[in-house]
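Asker: Keeping their order, the protein sequence lines are chains A and B.
The first sequence begins at 183 in our numbering and counts up one residue at a time.
The second sequence begins at 3 in our numbering and counts up one residue at a time.
Possibly wrong hints are sitting among the right ones.
[To be verified] Just some of the chain B residues that point at chain A, by a computed CB distance under 8 Å: (1) Ala162; (2) Tyr206; (3) Ile207.
[Said to hold, decoys possible] Calculated Cβ distances over 12 Å to all of chain B for the following chain A residues: (4) Gly207; (5) Ala217; (6) Lys275.
Keep in mind that the hints were calculated from the coordinates and are not lab data.
All values reported here derive from a predicted model rather than from experimental measurement.
Where a beta carbon is used, it is the ideal one built from N, C-alpha and C, also for glycine.
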Amino acid sequence: MDNMTLIAVASIVTAGLTIALGSIGPALGEGRAVATALSSLAQQPDAATTITRTLFVGLAMIESIAIYCFVVSMILIFANPFWNHVIAQATTK
Amino acid sequence: MRLSPDQMIFWQHGFLKLNATIVFTWGLMLVLAVGSKLITRKLSTGLNRSRWQNLLEIVVTGIEKQIEDVGLRHPEKYIGFLGTLFLFVALASLCTVIPGYEPPTGSLSTTAALALSVFVAVPLFGIEDQGLGGYLKSYVEPTVIMLPFNIISELSRTLALAVRLFGNMMSGVMIIGILLTITPFIFPIVMTVLGLLTGMVQAYIFSILAAVYIAAATRTRKPGPEPVPNN
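This is chain A alone, in the form it adopts within the complex:
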């Protein structure tokens, strides 16, 4: 396997694995957060605005982890510096 094939295979496999594994954790965490928020809403309905706002802020922080994985995956597919370097080498040869 020459350099180009190796880099292509590594980038594609890593991009898929990154987003696949990286969304498991945040999804589980968000599920737990919403479940706890729902049960505390049932216990204290008049604190609904505070609970909802805190829930949204918490969900955004958890979601950021999934977003980081997505950004890395996109970089590997569309803005891959190693692939660009290898392509530049191949076209100038």
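Since chain A is already given, all that's left is putting chain B on it; use the hints.
Answerer: Frame of chain A; chain B shown alone:
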């Protein structure tokens, strides 16, 4: 596949590039500034007011209430900055219903600029509230060993603000672009609605997080009873 509106260039002269990000950012700024100027030309304090003034009042009082709920006691000091953040990001996401428009927050430059402005604003508000010595002393709380960690947390949460907004906006645009090549009829519209929802939520999150950071920097440490928030 285009990763960001930075790559859509309208005009180029040497190294000066007029790309879609700049054009749409200035368009949004024009709409916000000219719109509010036109609406606030003849303000009325009675019950007989125009619907646009009503809309602005709802928005402004809503943001003021949110800022107060976060813990900042004089919301009129901060509403200029925080309200502008919210309105810019929300309008940037709302205008995706216009065909041919790409949200400028889908480019890392715009979101990095917004995050940098929050990074600069938090110490400014902290120093204005607590004085230079008081604010710098908050970095060595609770012990001096926490100083590097406090600095790193400042930098990382700025980075997180930028990447969070960029990732959400960029993923919305990209999903719609990919779906247009697969099922071009109904499904992209559903995803555009989802993109609108996440855009609004992200605008709210961005401004609320900025408010929370400012509240953490301006928190006075005088011992005494905490004010009870009324909700």
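Asker: Against this structure, judge whether each hint is valid.
Answerer: The hints, checked one at a time:
About 6 Å separates the beta-carbon of alanine 162 of chain B from the nearest beta-carbon of chain A, less than 8 Å, and the hint is met. A distance limit of 8 Å between C-beta atoms decides the matter here; for tyrosine 206 of chain B the minimum to chain A is near 7 Å, and the interface restraint holds. The interface hint given for isoleucine 207 of chain B is met, as the beta carbon of that residue sits about 4 Å from the closest beta carbon of chain A, less than 8 Å. For glycine 207 of chain A, the shortest C-beta to C-beta distance to chain B comes to about 16 Å, beyond the 12 Å cut-off, and the non-interface label holds.
Its beta-carbon lying about 19 Å from the closest one in chain B, alanine 217 of chain A satisfies the requirement of being farther than 12 Å from that chain. Distance check for lysine 275 of chain A against chain B: the nearest CB is about 27 Å away, which clears 12 Å, and the non-interface claim stands.
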